Structures are given as C-alpha cells and as structure tokens.
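Residue numbers (this note's numbering), protein chains in the order written: chain A, 1 to 492; chain B, 1 to 98.
The hints are simulated quantities; they were obtained by calculation from the structure and are not laboratory data. Hints are supplied without guarantee of correctness; some may be wrong.
[Stated by the list, open to error] Just the calculated beta-carbon pair ranges, DEER-fashion:
| no. | chain 1 | residue 1 | chain 2 | residue 2 | range |
| --- | --- | --- | --- | --- | --- |
| 1 | B | V60 | A | G264 | 35 to 41 Å |
| 2 | B | P68 | A | R58 | 32 to 38 Å |
| 3 | A | L70 | B | P68 | 39 to 45 Å |
| 4 | A | R58 | B | G43 | 55 to 61 Å |
In this text the structure is predicted, and so the values were computed from the model without any measurement. Cβ coordinates follow ideal geometry from the N, Cα and C atoms, glycine included.
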Amino acid sequence: MSESLITSSAAELGARIAAREVSAVEVAQAHLDQIAAVDERVHAFLYVNADGALAAARSIDERIAAGEKLGPLAGVPVAVKDVLATKGIPTTAGSKILEGWKPPYDATLVERLRNAGTVLLGKTNMDEFAMGSSTEYSAYGPSFNPWDLNRIPGGSGGGSAAALAAYEAPLAIGTDTGGSIRQPGAVTGTIGAKPTYGGTSRYGLIAFSSSLDTPGPCARTVEDAALLHAVIAGHDHRDSTSIDAPVPDVVVAARLGATGDLTGVKVGLVREFSGEGAEVGVMGAFRDTVAALTKLGAEVIEVSCPHFVYALPAYYLIAPSECSSNLARFDGVRFGLRTGDDGSRALEEVMSLTREAGFGPEVKRRIIIGTYALSSGYYDAYYGQAQKVRTLITRDFTSAFEQVDVLVSPTTPFVAFELGSRTSDPYQMYLADLYTIPANLYGGPAISVPCGLASGLPVGFQVMAPTLADDRMYRVAAAVESVMGGLAAPAL
Amino acid sequence: MAAISRDEVAHLARLSRLAVTEQELDMFAGQLDVILQSVARVGEVAADDIPPTSHSVPLVNVLRADVPQPCLTPADALSGAPDPFEDRFRVPRILEEE
Chain A
1 MSESLITSSA AELGARIAAR EVSAVEVAQA HLDQIAAVDE RVHAFLYVNA
51 DGALAAARSI DERIAAGEKL GPLAGVPVAV KDVLATKGIP TTAGSKILEG
101 WKPPYDATLV ERLRNAGTVL LGKTNMDEFA MGSSTEYSAY GPSFNPWDLN
151 RIPGGSGGGS AAALAAYEAP LAIGTDTGGS IRQPGAVTGT IGAKPTYGGT
201 SRYGLIAFSS SLDTPGPCAR TVEDAALLHA VIAGHDHRDS TSIDAPVPDV
251 VVAARLGATG DLTGVKVGLV REFSGEGAEV GVMGAFRDTV AALTKLGAEV
301 IEVSCPHFVY ALPAYYLIAP SECSSNLARF DGVRFGLRTG DDGSRALEEV
351 MSLTREAGFG PEVKRRIIIG TYALSSGYYD AYYGQAQKVR TLITRDFTSA
401 FEQVDVLVSP TTPFVAFELG SRTSDPYQMY LADLYTIPAN LYGGPAISVP
451 CGLASGLPVG FQVMAPTLAD DRMYRVAAAV ESVMGGLAAP AL
Chain B
1 MAAISRDEVA HLARLSRLAV TEQELDMFAG QLDVILQSVA RVGEVAADDI
51 PPTSHSVPLV NVLRADVPQP CLTPADALSG APDPFEDRFR VPRILEEE
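Produce the entire structure from the sequences given, and follow the hints as far as they go.
Below, the structure is given as structure tokens:
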C-alpha cells in the first residue's frame, strides 16, 4: 500500500486524493515513513517538516471532504530546495552563515505551492549558496546518489533530485543558475526543468547570480514537472525581472509529446557539443535517443553555435562577479551568524571574522574571483569581455532557432562521479556544467530527461527551447520519455 | 606565468571582508590561478564591436504604484538579528578608537 503511494506519479496521487481513494494525510505519512527509512543513507533533506506536512495534509482532506474543488496537485507532497525562504521553517542555503535562520516570510514560489494545496515535506540539501555540482560543498555534508551511494547526486540541487530518486518525494523544487536543476536530474535519472529566466519568481530566493538564477520543477515524469511548472510560473510584481506574459500551456504540451508524435518538429544538434570531453557511454545514449526521435517523425538538423565553447569561461566570470556583490549582505548585522563581537573589535573586523567562519571554501573562491573580475584594471578583460561573449551566445541561439524548433545535447558530459573525485580541483567540478550553461546565459528554457544508462548509471538528455517557448521543450521531453521510458533507481 | 599571486589573493580577500587563514591562502592561490587561466579564454573572442549583455530580459526601471503595501513588522524584521536592541540592529563600533 504505502509502496504504491511513494512510487506513484504526482498526477496519480493528486487524482486519487481528489477522488478520496486515498487521503492526503496517508500520502504525506507514506513519504515521511520513506524519509525515516532511507534518508540517513541518502541525506536529501536538511529539514523534515513532519508536523507541518501532516497538518497541511489534514486541512486539504477537510476541504475536499467539504466539497471544495482544488487543483490537480492538492494534497501532493513537495520538497523544496533550502535556498527558498519558508516562513518559520529553517532556511540555510546550505551555509553555516544562515544556520538556525527562520525567515519571517515565504518566497513567492512557496506561497504558490501552498495556494495550490501542495504539502511542504521539507527542505533539501544543496551546495552552499547553490555553488557546486555535487552537494559536496554543502556545509551540512553531501547527499548521496540513490543509484550508488558512493556517488554524487549532482548539484547544486542534489538533495531535491536524490529525494525524487529515493521515492522520498514525488515533486521537488530546484533552482538553476548554471545547471543546478538539470545536472542533478541527469545523474539521478529524474526530470529537471529550468523555465525561461523571469518566468518563475525570484522573490524569496536567496540570490547567487541574479541575472541567471531561475527556480523550476523537479519530478519523476515529464507530466508531473509540467503540472508543477504550471503552479509556480507566472508574473510576480515583487520580482522586478519577472516577465509579464502568459505562461505557455506546458501541461497540454507534455501530454501531446507523450503521444510520441513529433511530425514536423525540427530538432537541432549542436555541432560544438558533439562529444569532446564527454564520456563514450553518455554520447552513445544520446545518439540512440536522437535516432529514436527521428523515428517519431522529427527532422534532425545539425546546427553550429560557435560561441558555446566560451560559455563555461564566461559563466565562471559572470556568476562569481554577481555573487561577490550579492553575498555582501551576509555581514553579521541583520540576520545569521555574527562571530568575534567581544566588544573590542570594530565592525569591519567582525564582518571579516563572521564571513570567514560562515562561508565554505567554494563560496570564498567565487567571492574572490568575482572581486578580481570586477576590479579596475581587470574589469574590461574579464567581466566586460564575458558580457560580450554572452551577447554572442544569445545570437548563436537566435540564429539556431531560425532553423530549428529546439536544440538538444547531453545534459552533462559524465555520469554521476564518485564522491571526493573532483573536490581538489575546482575547475574539474565546473566542467559538469559544460552543456547546461549556454541556456542560462541566453535565458531560454531547458529540461533534462532520462535517456538510458551508461555503466549502469543514468544519462540525461537536454532539450533547449527559445525564450518563452517552455511548452516546446516539454513536448519534446515527453516524446523522449515515451520511447526511452523512465528510470527507476534500485531499492535502497 | 601565474595569473594571480598569493599577495593579490590576500588583498582581494581583504577587499571581500574575508579573514582568510595562511593555509587557505596557500590553497586558494594555486586553485584561483588555474581557474583564472581557464576563464581567461573569453579573451580569445574578437568582440570589440559587440555590445555587452548584463541580463536576458530587456526590462528597465520596473516601478510599482506608490501605494502602501503590507510589510514586515519590526519584530519580524528583527527576528533573525544577531544583536537586536530597541527595534534596531545593534552593530559593533564603526570607527577605530582614538
């Protein structure tokens, strides 16, 4: 009984709860039980909201019993990455500098999740301030990949992806700055979608790189991701970069794609991402999937995006530059840690000691890199040049989308690597984001969907679409899912 | 040639208000040098006449109507403060002692 509840899709759970075949409380309890059974080994959660989840579920059951018509995800549990503010519930961003902080307000996304009747299960682990590709930079210890507990679940949103793969939650929220939703999805065999930048609100999202940060849905099926997307997306007057435009009907698009018909859809293969630096098994699974899309009626065309090879270096200048500015707010004055304030020290010294004690090594590296790239004398050669490269990458996308409807690539060059294998050389870690970063610099939507195994570990297939054409990526991703099938991690 | 020296890293850490240790300086200097040499590849792109992009959404000066909105109470705003004092954030002294 409880096994079928935790392995069900969110769509099924929502329908069964609405039909009163099962209660929201039973569904929440089944997931809390699974968390109790496996999370000691997976460490997907930094905080489990057990009492709050059961209370929210009870209230949904009462409303349904009273005859209220609620949305398709009412009563369905959701895990939220610990970078989004949750009122009265600890929010750390994976950092010691925010240990014990309880936000006095909800992020817009969290508010929308509550309004849709979803049940907040808890807060998931992440690399500190979303900087990393493995969760190994979490100040609270890494999460572990349910496919192989010696391997990383991806990052920064590895907790959300691991929670899905370990059946601890049917839905999760992530945030994607350079691939932090998609790469964890790829290496855990789950779905991760980065919406169009500005399509989902950043209000209450602890900022890393404001021009890139994009919250989005994580799930085990494309349809579930689309249902969650529909709940969280849309204009928010509290975020000045939020796009005031209708949200495309991503749920209809996902259901259309699931019919397996891609007649008339033009799929672009990025020539520059044709395998250099990628594992052989990853490229094999990718090519098999492209061949399968052809059988569904898609026309596959190779396109050139010559500046994509400069996306990684441009990103690792732009993101640290913005982070060095954003993280200035952690100064030990208004919230979070304060260290060394013994009455003898001046403010500046207390700030320096607080930040030294509160930030981990990757955050410090990025703050220092950003400070360097923005300093006079280096600004033009580094930050200024990176912004120009961003323009050229955007032009590559624009001209590619004149020829094709979507672009595809592997999500990440390698399957889940072993814990500890890339932490001593930070640049080796950065390479995990090679294929995901271009979409962030451009701003368009991109999704990772499982496309088979290599060496027994999941491979992700990435679909990138034009800005505000989020529906298109869901259609193609659902078509991939219809032929390649979903992946299920071995039981823990 | 190294892109960045240990002394420069120490200077940048001071600017960033990070009281890094000697051991961290030893570790960061080498790592940051590798990273900077790698990201310096952006300089290979001929982009003199290319305008910069700071943001993918072409929005400027987004304003709301000048109407009072609900906001945090003083107690809520101070709820996470390390050292609140009479509805204010108390901070260590700013000036050095004479």
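- Query: For the pair P68 of chain B and R58 of chain A, does the Cβ-Cβ distance stay inside 32 to 38 Å?
  - Reply: 36 Å, holds
- Message: A range of 55 to 61 Å was offered for this pair. Does it hold for the Cβ distance of R58 of chain A and G43 of chain B?
- Response: At 60 Å between Cβs, range holds.
- Task: With 35 to 41 Å as the target window, see if V60 of chain B and G264 of chain A comply at their CB atoms.
- Result: 38 Å, holds
- Item | Range agreement (Cβ of P68 of chain B with Cβ of L70 of chain A, hint 39 to 45 Å) | Because 33 Å falls outside the window, the suggested range is violated.
Violated hint for the displayed structure: number 3, the only one.
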